[in-house]
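**Student:** Letter by letter, the chains look like this.
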Amino acid sequence: DSGVTQTPKHLITATGQRVTLRCSPRSGDLSVYWYQQSLDQGLQFLIHYYNGEERAKGNILERFSAQQFPDLHSELNLSSLELGDSALYFCASSVFSGISTDTQYFGPGTRLTVL
Amino acid sequence: GNSVTQMEGPVTLSEEAFLTINCTYTATGYPSLFWYVQYPGEGLQLLLKATKADDKGSNKGFEATYRKETTSFHLEKGSVQVSDSAVYFCALSDYGGSQGNLIFGKGTKLSVKP
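Line by line, the protein sequences give chains G and W. Counting from 1 along the first sequence, just add 21 to a position and that's the residue number in the working numbering. Counting from 1 along the second sequence, just add 126 to a position and that's the residue number in the working numbering.
One or more of the hints may lead you astray.
[What the hints assert, rightly or not] Computed list of lysine-lysine pairs in DSBU-like fashion (alpha-carbon distance at most 30 Å, straight line):
id: 1; chain 1: G; residue 1: K30; chain 2: W; residue 2: K194
id: 2; chain 1: W; residue 1: K239; chain 2: W; residue 2: K178
id: 3; chain 1: W; residue 1: K203; chain 2: G; residue 2: K78
id: 4; chain 1: W; residue 1: K239; chain 2: W; residue 2: K194
id: 5; chain 1: G; residue 1: K78; chain 2: W; residue 2: K194
id: 6; chain 1: W; residue 1: K232; chain 2: W; residue 2: K186
id: 7; chain 1: G; residue 1: K30; chain 2: W; residue 2: K235
id: 8; chain 1: W; residue 1: K178; chain 2: W; residue 2: K203
Quick caveat, the hints were computed from the structure, so don't treat them as lab data.
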């Protein structure tokens, strides 16, 4: 158990809908990262927040957004969903930001299926 | 940009066989290197890491050495078990301009037969 929690574990929805994925980082970690894992793209970085502020964006679509709240939990919002958004979405947390030796600890993931 | 290349799978071995999974990287700075493991139906777990050249990371019988001269971080284990069956990901930390995302290889699926 990494200490990172994600809810829900599974999510099934229809095209055009909007969903929210939730992540709670390990106690004491200030950074939250979101990643998407799909068969064709592999593991792709989406976005990084540190202590409530956005720090970096990766291959995140404009239909996707995220935020980190004062209690440090984070939510990833996916809207106007398409079939191709079906994937496993991971959240990871770490203590710092911008330090290469910092280890990211991953949650169990949310499996999103868009029908 | 920075990238990670790891050997294509799947890799099938018999129990107690020697394992090597190759990983090479491209990076402009001095990244840290990681191996993560994903067991079926689970999230990624950190297996080991190395933060500078010639460092050796080790855990649960697995080892990998950060080789700057060959830009490699190959994963090895002397004697694999059935319980090692999983997907293994090599990754580097890209903290240069992007403030900290991991760049992953495509993963190597390992199956160990009794």
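**Student:** Now tell me if each hint is right for this structure.
**Tutor:** Hint check:
1. For the hint linking G:K30 to W:K194, the alpha-carbon distance of about 39 Å lies beyond 30 Å, and the restraint is violated.
2. Between W:K239 and W:K178 the alpha-carbon distance is near 35 Å, which puts this suggested pair outside the 30 Å criterion.
3. Taking the CA atoms of W:K203 and G:K78, the gap is about 36 Å. The hint is violated against a cut of 30 Å.
4. A threshold of 30 Å between alpha carbons decides the hint, and for W:K239 with W:K194 the separation of about 34 Å lies outside it, so the pair is violated.
5. With a CA separation close to 28 Å, the supplied pair G:K78 and W:K194 stays within the 30 Å bound.
6. Restraint check for W:K232 and W:K186: satisfied, since their Cα atoms lie roughly 23 Å apart, inside the 30 Å limit.
7. The hinted pair formed by G:K30 and W:K235 meets the criterion: a straight-line CA distance of about 23 Å does not exceed 30 Å.
8. The hinted pair formed by W:K178 and W:K203 meets the criterion: a straight-line CA distance of about 21 Å does not exceed 30 Å.
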